[in-house]
Amino acid sequence: MQRRSILSLPAGLLFLLPAGAFVFVFIILPFFWIAAVSFTNRTLTGRTALNPEFVGLANYRRLFDPDRFFNSGEFGASLILTGQFVFFSAILGQAILGLLLAWFFYNHRGWVQSTVQTLAIVAWIMPDVVVAFAWFAFLDRDDGTLNQILSAIGLGHPDWLLALPMVSIIMFNIWRGTAFSMLLFSSALGSIPPSHLETASVAGATGLQKLRDIILPLIRTHIITVLILITLWTFNTFTPFLLTGGGPAFQTEVVSIYTYRTAFQFFRFGMGGAVGMVMMIINLAFAIVYLGILRSQKAHA
Amino acid sequence: MAGVAFRGVSKSFGAVTAVDDVSFDIHDGEIVCLLGPSGCGKTTTLRLIAGLEGPTAGSIHIGDRDVTMISPKGRDIGMVFQDYALYPHMTISDNISYPLKVRGVSKEERASRAAEVAASLQIGNLLERRPGQISGGQQQRTSVARAVVHKPQVFLFDEPLSNLDAKLRLEARGFIKHLQKRLGVTSIYVTHDQAEAMALADRIAVMDGGRIVQMAPPLEVYHRPANTFVANFLGSPPMNLLPVRLERRTGVTRFVADAFTITAEGWHERLQGRVDDGESVILGVRPEHLALGEADDPWSFPGELYATEPLGPETLITISVGDALTTLRIFGDDPPVVDGRVHARIQNTNLRLFREGGERIELG
Ligand SMILES: Nc1ncnc2c1ncn2[C@@H]1O[C@H](COP(=O)(O)OP(=O)(O)OP(=O)(O)O)[C@@H](O)[C@H]1O
Ligand SMILES: [Mg+2]
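Protein sequences, first through last, are from chains G and B. All letters in the first sequence, in the order written, are residues 103 to 403 by the numbering used here. All letters in the second sequence, in the order written, are residues 8 to 371 by the numbering used here.
Careful: at least some of the hints might be erroneous.
[Unchecked claim] Using 25 Å as the maximum straight-line C-alpha spacing, the simulated SDA-like pairs for lysine to any residue come out as follows:
#, chain 1, residue 1, chain 2, residue 2
1, B, Lys108, G, Pro295
2, B, Lys80, G, Leu313
3, B, Lys108, G, Trp205
4, B, Lys80, G, Tyr208
5, B, Lys158, B, His68
6, B, Lys158, G, Leu285
7, B, Lys114, G, Gly309
8, B, Lys80, G, Ile294
9, B, Lys114, G, Leu313
10, B, Lys114, G, Leu310
11, B, Lys158, G, His298
12, B, Lys114, G, Gly292
13, B, Lys108, G, Leu318
14, B, Lys80, G, Gly292
15, B, Lys80, G, Leu310
16, B, Lys108, G, Phe343
17, B, Lys188, B, His157
18, B, Lys80, G, Arg314
19, B, Lys108, G, Glu300
20, B, Lys158, G, Glu300
21, B, Lys80, G, Leu318
22, B, Lys108, G, Pro296
23, B, Lys80, G, Leu320
24, B, Lys108, G, Gly309
[As the list claims (entries may be wrong)] Here's a subset of chain B near chain G, in silico, CB distances under 10 Å, partners left out:
#, residue
25, Ala57
26, Leu59
27, Pro62
28, Asp83
29, Gln89
30, Asp90
31, Tyr91
32, Met97
33, Arg110
34, Ser150
35, Ala154
36, Pro159
No lab work stands behind these hints, which were simulated from the structure alone. Just so it is clear, CB atoms sit at the ideal spot from N, CA and C, and this is done for glycine as well.
Let's have the full structure, built from the sequences with the hints guiding it.
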């Protein structure tokens, strides 16, 4: 079949114009502005606010200064914390837990499944600030729900946000995002024709063999999509700031918080811009790797 | 090799009873077709045998094992689904050999067994392709190959040909029968196509509303249907059913309808003690057991010509008798020329009688 466009090219471009202008003004322009700013010593106040000077790669050199790169509160340390945060809360937590939950509910359909899914959606659409407050209450040292449960079964009552801040924000982020993975995986599993699994059962496959040979390959693209989304989200999420403010002592200062502190606490926009550019490159690298995997999968299928 | 038996098996889904107190014995090496209208419980029966559903009551046996509580994995069955259920991410070879893979058979042996089975089903040249790259008929064969590759004790087929076009269906039907006879594996084949059931089955089990109404060899089901439901379901076109009233007072038996009266010479004794004078019964006669007759023939009845359909080796002539239609099948290359009022003559040796409630009356 021959595809014929209903619009001439100039008319088509005309319709594209409003959206294009929007994207240009709010996304493309700021991007280049930040890129430019990252090569200056621009600040919010003072002399360099009016007349920023071109400083070349100085901001980047400062960011990657080998003498203090891994010191607490510096960019390198922040990247390592972010790596831990993403690995444990997004990949291990949200993705794998979400998949296991979806698989469990796939095999045990009924009111439990629909109730849990409904609750998960409710939890997922709650605003971050509300959730953060709920977690404050949940993690409170003396009156928090978690510690009341723990001390009831004799496991002590640590001060979560002070003593185990990283564990706290990881738990928080798992709680926050698992619902999304679970729902996406549930719909992916729901799209597998039942006869595929029944054939495997009759052929003699165990539950694990079915998961490995049939289900995972069939929902591979869904898995990659979920991984792309949740690693990028978790990498960029700012919500942990609501719980710990990046502390205590920079222990939970993931890169989003680091960027914020650099750019807005001391209003050093030049430095902030440089951090932003690096983060963007890292995000881009993630996305390219994932998309590459996705494309090679598609080519296989 | 093993037979399959049901003992009082029922299966309900909530308020719906899909299978209702069914018992049967399918012998070792036999191919049985489950035949019936949509929703009568054929698929459910098959899934009960496979273990994909558990019965609400009764027990299921394969060979001398009671498998009622055994999962599909433990039943040693090969099954072909209506949609073939081939795995899109595996090659044809991997698809076929999947039952061997889960049994821990080595990679080389799997490949060689898959190649062997594929060759015997004439899909040996497709082994490296994927299901999306082969035709419907080839997918159907792949699905059959996967069901037979591990030499199961029982084959189950759920309408495996319904996705094929008419020509491929005929071809695949012959091929399945050939394969089943060659392997000698007990098979249960679900279909709602009566011609397919007739062609394939050693015995046909006709189902209606979750029950088996008749289970017998195809020709017996065809010629001696247990009731009007079976009579109506088999044959294309199905058996003609003519409601009549019996008259036996005068020492001869007459079948009386509004539009005609047939004097059933020689039938008085055959019906002795089986039907009463004045009883309403249903005459059942297959289209091929009706011929064009004369008005003065005692076994003929009149009707108005409704349609003539020449089919090549035979011609179907439909006439309206009262407010019902009756079909005659006339063999021969030249369609008979008829018009207006037609007399149909019953070959009375092939006449069946049913009670008003539907069940067939055994004749003396
Ligand atoms: N999982 C289920 N839940 C509820 N009802 C079901 C289920 N499976 C089947 N039924 C019902 O049981 C009855 C028998 O269904 P079954 O699938 O066995 O029919 P069938 O003879 O195979 O029909 P078809 O020729 O249309 O495939 C139907 O009334 C159907 O609606
Ligand atoms: Mg069915």
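A quick look at each hint next to the structure:
{"no.": "1", "hint": "B:Lys108 <-> G:Pro295", "in the structure": "holds (21 Å)"}
{"no.": "2", "hint": "B:Lys80 <-> G:Leu313", "in the structure": "holds (15 Å)"}
{"no.": "3", "hint": "B:Lys108 <-> G:Trp205", "in the structure": "holds (23 Å)"}
{"no.": "4", "hint": "B:Lys80 <-> G:Tyr208", "in the structure": "holds (19 Å)"}
{"no.": "5", "hint": "B:Lys158 <-> B:His68", "in the structure": "holds (19 Å)"}
{"no.": "6", "hint": "B:Lys158 <-> G:Leu285", "in the structure": "violated (40 Å)"}
{"no.": "7", "hint": "B:Lys114 <-> G:Gly309", "in the structure": "holds (21 Å)"}
{"no.": "8", "hint": "B:Lys80 <-> G:Ile294", "in the structure": "holds (20 Å)"}
{"no.": "9", "hint": "B:Lys114 <-> G:Leu313", "in the structure": "holds (20 Å)"}
{"no.": "10", "hint": "B:Lys114 <-> G:Leu310", "in the structure": "holds (19 Å)"}
{"no.": "11", "hint": "B:Lys158 <-> G:His298", "in the structure": "holds (20 Å)"}
{"no.": "12", "hint": "B:Lys114 <-> G:Gly292", "in the structure": "violated (31 Å)"}
{"no.": "13", "hint": "B:Lys108 <-> G:Leu318", "in the structure": "holds (17 Å)"}
{"no.": "14", "hint": "B:Lys80 <-> G:Gly292", "in the structure": "holds (23 Å)"}
{"no.": "15", "hint": "B:Lys80 <-> G:Leu310", "in the structure": "holds (13 Å)"}
{"no.": "16", "hint": "B:Lys108 <-> G:Phe343", "in the structure": "violated (51 Å)"}
{"no.": "17", "hint": "B:Lys188 <-> B:His157", "in the structure": "holds (17 Å)"}
{"no.": "18", "hint": "B:Lys80 <-> G:Arg314", "in the structure": "holds (17 Å)"}
{"no.": "19", "hint": "B:Lys108 <-> G:Glu300", "in the structure": "holds (16 Å)"}
{"no.": "20", "hint": "B:Lys158 <-> G:Glu300", "in the structure": "holds (18 Å)"}
{"no.": "21", "hint": "B:Lys80 <-> G:Leu318", "in the structure": "holds (20 Å)"}
{"no.": "22", "hint": "B:Lys108 <-> G:Pro296", "in the structure": "holds (20 Å)"}
{"no.": "23", "hint": "B:Lys80 <-> G:Leu320", "in the structure": "holds (22 Å)"}
{"no.": "24", "hint": "B:Lys108 <-> G:Gly309", "in the structure": "holds (14 Å)"}
{"no.": "25", "hint": "Ala57", "in the structure": "holds (5 Å)"}
{"no.": "26", "hint": "Leu59", "in the structure": "holds (5 Å)"}
{"no.": "27", "hint": "Pro62", "in the structure": "violated (17 Å)"}
{"no.": "28", "hint": "Asp83", "in the structure": "holds (8 Å)"}
{"no.": "29", "hint": "Gln89", "in the structure": "holds (8 Å)"}
{"no.": "30", "hint": "Asp90", "in the structure": "holds (6 Å)"}
{"no.": "31", "hint": "Tyr91", "in the structure": "holds (8 Å)"}
{"no.": "32", "hint": "Met97", "in the structure": "holds (8 Å)"}
{"no.": "33", "hint": "Arg110", "in the structure": "holds (6 Å)"}
{"no.": "34", "hint": "Ser150", "in the structure": "holds (8 Å)"}
{"no.": "35", "hint": "Ala154", "in the structure": "holds (8 Å)"}
{"no.": "36", "hint": "Pro159", "in the structure": "holds (9 Å)"}
Hints 6, 12, 16 and 27 from the list above are not met by this structure, while the remaining hints are.
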